[in-house]
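Read top to bottom, the protein sequences are chains A and B.
For what it's worth, numbering that gives the first Met the number 0 labels the leading residue of the first sequence as 0, then goes sequentially.
For what it's worth, numbering that gives the first Met the number 0 labels the leading residue of the second sequence as 0, then goes sequentially.
I should point out that these hints are in silico values taken from the structure, not numbers from a laboratory.
Keep in mind it's a predicted model, so treat the numbers as computed, not measured.
Cβ atoms here follow ideal geometry from the backbone N, Cα and C, with glycine treated the same way.
Mixed in with the good hints, there may be bad ones.
Said to hold, decoys possible - Take a look, some chain A residues computed to stay more than 12 Å from chain B by CB distance:
1) GLU30
2) GLU31
3) PHE36
4) HIS39
5) VAL66
6) THR69
7) MET71
8) MET75
9) LYS128
10) GLU131
11) ASN132
12) GLU171
Stated by the list, open to error - 25 Å max Cα-Cα, derived DSS-like pairs, lysine-lysine:
13) B:LYS455 x A:LYS43
14) A:LYS20 x B:LYS470
15) B:LYS314 x B:LYS461
16) B:LYS236 x B:LYS470
17) B:LYS252 x B:LYS470
18) B:LYS236 x B:LYS38
19) B:LYS236 x A:LYS43
20) B:LYS314 x B:LYS8
21) B:LYS236 x B:LYS255
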Amino acid sequence: MSNKVIHVLYNDDDILMDAVKQTRAAHHHIEEVYTPFPVHGLDKAMGLAPTRIAIASFLYGLVGLSVATTMMRYMMIIDWPQDIGGKPSFSYIENMPAFVPVMFEMTVFFAAHLMVITFYLRSKLWPFKDAENPDVRTTDDHFLMEVAAHGDVDKLISFFENTGAVEVKVIEKH
Amino acid sequence: MYTFSSRLKTFSFVLIALGILGIGYSFLTAPKTVEDVEKILAAENAHGGHGAAHHDAGNAHGEDAHGHHAVSHDEAAASHANHGNDAHAEADHHAGADDAHAAHDEHQEHLEHVLHQLQNKPWSALYIAALFFMLISLGALTFYAIQNAAQAGWSPVLFRVMESISSYLVPGAIIVFILLVLGVLDMHHIFIWMDEDVVAHDHLIQAKSGYLNGPFFLIRAAIFMGGWIWYRQYSRKNSLLQDDANDNTHYKKNFKASATFLVFFIISESIMSWDWIMSVDPHWYSTLFGWYVFASFFVSGITAIALITVYLKGKGYLEYVNTSHIHDLAKFMFGISIFWTYLWFSQFMLMWYADIPEEVVYFKTRIEDYNLPFFGMLAMNFLFPVLILINTDFKRLSWIIVMAGIVILCGHYIDFFNMIMPATVGDRWFIGAGEIGSVLLFLGLFIFVVFTTLTKAPLLAKRNPLIEESKHFHY
Numbered sequence: 000m001s002n003k004v005i006h007v008l009y010n011d012d013d014i015l016m017d018a019v020k021q022t023r024a025a026h027h028h029i030e031e032v033y034t035p036f037p038v039h040g041l042d043k044a045m046g047l048a049p050t051r052i053a054i055a056s057f058l059y060g061l062v063g064l065s066v067a068t069t070m071m072r073y074m075m076i077i078d079w080p081q082d083i084g085g086k087p088s089f090s091y092i093e094n095m096p097a098f099v100p101v102m103f104e105m106t107v108f109f110a111a112h113l114m115v116i117t118f119y120l121r122s123k124l125w126p127f128k129d130a131e132n133p134d135v136r137t138t139d140d141h142f143l144m145e146v147a148a149h150g151d152v153d154k155l156i157s158f159f160e161n162t163g164a165v166e167v168k169v170i171e172k173h
Numbered sequence: 000m001y002t003f004s005s006r007l008k009t010f011s012f013v014l015i016a017l018g019i020l021g022i023g024y025s026f027l028t029a030p031k032t033v034e035d036v037e038k039i040l041a042a043e044n045a046h047g048g049h050g051a052a053h054h055d056a057g058n059a060h061g062e063d064a065h066g067h068h069a070v071s072h073d074e075a076a077a078s079h080a081n082h083g084n085d086a087h088a089e090a091d092h093h094a095g096a097d098d099a100h101a102a103h104d105e106h107q108e109h110l111e112h113v114l115h116q117l118q119n120k121p122w123s124a125l126y127i128a129a130l131f132f133m134l135i136s137l138g139a140l141t142f143y144a145i146q147n148a149a150q151a152g153w154s155p156v157l158f159r160v161m162e163s164i165s166s167y168l169v170p171g172a173i174i175v176f177i178l179l180v181l182g183v184l185d186m187h188h189i190f191i192w193m194d195e196d197v198v199a200h201d202h203l204i205q206a207k208s209g210y211l212n213g214p215f216f217l218i219r220a221a222i223f224m225g226g227w228i229w230y231r232q233y234s235r236k237n238s239l240l241q242d243d244a245n246d247n248t249h250y251k252k253n254f255k256a257s258a259t260f261l262v263f264f265i266i267s268e269s270i271m272s273w274d275w276i277m278s279v280d281p282h283w284y285s286t287l288f289g290w291y292v293f294a295s296f297f298v299s300g301i302t303a304i305a306l307i308t309v310y311l312k313g314k315g316y317l318e319y320v321n322t323s324h325i326h327d328l329a330k331f332m333f334g335i336s337i338f339w340t341y342l343w344f345s346q347f348m349l350m351w352y353a354d355i356p357e358e359v360v361y362f363k364t365r366i367e368d369y370n371l372p373f374f375g376m377l378a379m380n381f382l383f384p385v386l387i388l389i390n391t392d393f394k395r396l397s398w399i400i401v402m403a404g405i406v407i408l409c410g411h412y413i414d415f416f417n418m419i420m421p422a423t424v425g426d427r428w429f430i431g432a433g434e435i436g437s438v439l440l441f442l443g444l445f446i447f448v449v450f451t452t453l454t455k456a457p458l459l460a461k462r463n464p465l466i467e468e469s470k471h472f473h474y
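Starting from the given sequences, assemble the full structure and let the hints guide the process.
Below is the structure:
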């Protein structure tokens, strides 16, 4: 089993997009694409599954709402009821308008923070992690497409050179 | 070019005809004399119908304080929060008088009060619908002005739709203005501060009469409506001239006019909302009322743009409009619905928390006498759009947009209903022939005017400098 991959570098996002489409049309497997900035529509061109982070975010929001409700009900109604502005805290639902701002903020807080954390975990990002991009130029002005090299490597190289690449390298991946 | 299909035209005429019938019926069946009211109340009591309990001695008409001072009864109102101010004013007034005599007087006074409410009802229904549809076109015009002033690249393919919706502003504003003039001429009594007898016994309104008086009221209305109509006609003219132009002169003129209009608009809109809506409760005020009203008709205007765009797209017009444009409109519907809720809740929560009688009486009437429309509108304007439009894929489906749009428009009609009716008819509200007829009349007129304007110009603003970007807009 060879672990050979081909690194194809481009210097323009439009050329990259076309190359991705051609590569997929020729049934070569794109392992990953490294870009200096988000390229619009690249995920669709690569055929990646749509993100489910929105669903996760919605669920996190519901968690936040529940936490806020439980917390305030315990603090303000059960543990230490107070009479604020002539509104004795004997019932959560009757005092609900006062709790709405906290319910809203906690919903947003949970949705936002947990969504970011989820994104980092799914992207395998954490502090002090070594960079994964194989070529430093992808942080500047180059786009790198990593393709699995199966079969006739020379044919593959000439195929990628015809897609507008500025550089094509065969790399042995460990 | 768009051609106004004869089916839609017939439909709009049918709506107008039905509307006129409904309105006529509601005016003809409104009680004329105290005796009529006596019969109505007797019938209600006999049937044990709704509201029968209210018509005992202490009637609970909430903040509908015709001629009575809410402020002078602060303490009474606060300690007996279950009763309206009217009841206290009357009770105090008759405290020392002979009981039997007082009861008779009170009954007579109550009958007259109900008579006024019932006579107000068809007028209020007409006024709410007239105002609502005019404000929809104003909301669309504002959206158009924002697109121009922001030089938005996504929206120019929709400009002709927005311009057509805003064309209803001209007839709509004239109708509302006529209704305001009729009020000043004492033909109807939606605005209680226009009644000199009331003002004579009300030192709060007297203190406000430097601002709230007939002539100044009409002058303000004329200036605001004139300014909006001027911008609408001017920007439409430039937009059409730009189609055949060789340079961007007309586009730049529109940019400047739009920026100026937005400044004028946000000031005039705020004052407009005090004048035409808030002043039906001349004792009550809220400092964010202008924003609240704005959010309500802004989302309605955007919804109208989305609905008409989806309709035209379904008929095979607007070839350059793609799902990304629809998606963006749906995002605005979603976002402004939340914005509306935010303002609605901000206004509600502060007054609920402070619990100052002359403020909270506004919500008390609405929660007690208008419970269903008050909370129902919250479900229609907030819960439903938020839950259905939060999903990205749903924002691209026409039938979801149409369904959510219709719910939003109905919800915001009820919002305006809740703003006006409690002050003019009290607990005598009912969505009947007058209310439905008024909505149908103005809906028919709206459809007729908007779609007639659509036929007047090509549906693509082809020489707009951002049109290429808009055609290729892709989310």
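Hint check:
no., hint, verdict
1, GLU30, "27 Å, holds"
2, GLU31, "24 Å, holds"
3, PHE36, "17 Å, holds"
4, HIS39, "8 Å, violated"
5, VAL66, "20 Å, holds"
6, THR69, "21 Å, holds"
7, MET71, "15 Å, holds"
8, MET75, "14 Å, holds"
9, LYS128, "30 Å, holds"
10, GLU131, "29 Å, holds"
11, ASN132, "27 Å, holds"
12, GLU171, "39 Å, holds"
13, B:LYS455 x A:LYS43, "41 Å, violated"
14, A:LYS20 x B:LYS470, "23 Å, holds"
15, B:LYS314 x B:LYS461, "20 Å, holds"
16, B:LYS236 x B:LYS470, "22 Å, holds"
17, B:LYS252 x B:LYS470, "23 Å, holds"
18, B:LYS236 x B:LYS38, "57 Å, violated"
19, B:LYS236 x A:LYS43, "42 Å, violated"
20, B:LYS314 x B:LYS8, "15 Å, holds"
21, B:LYS236 x B:LYS255, "14 Å, holds"
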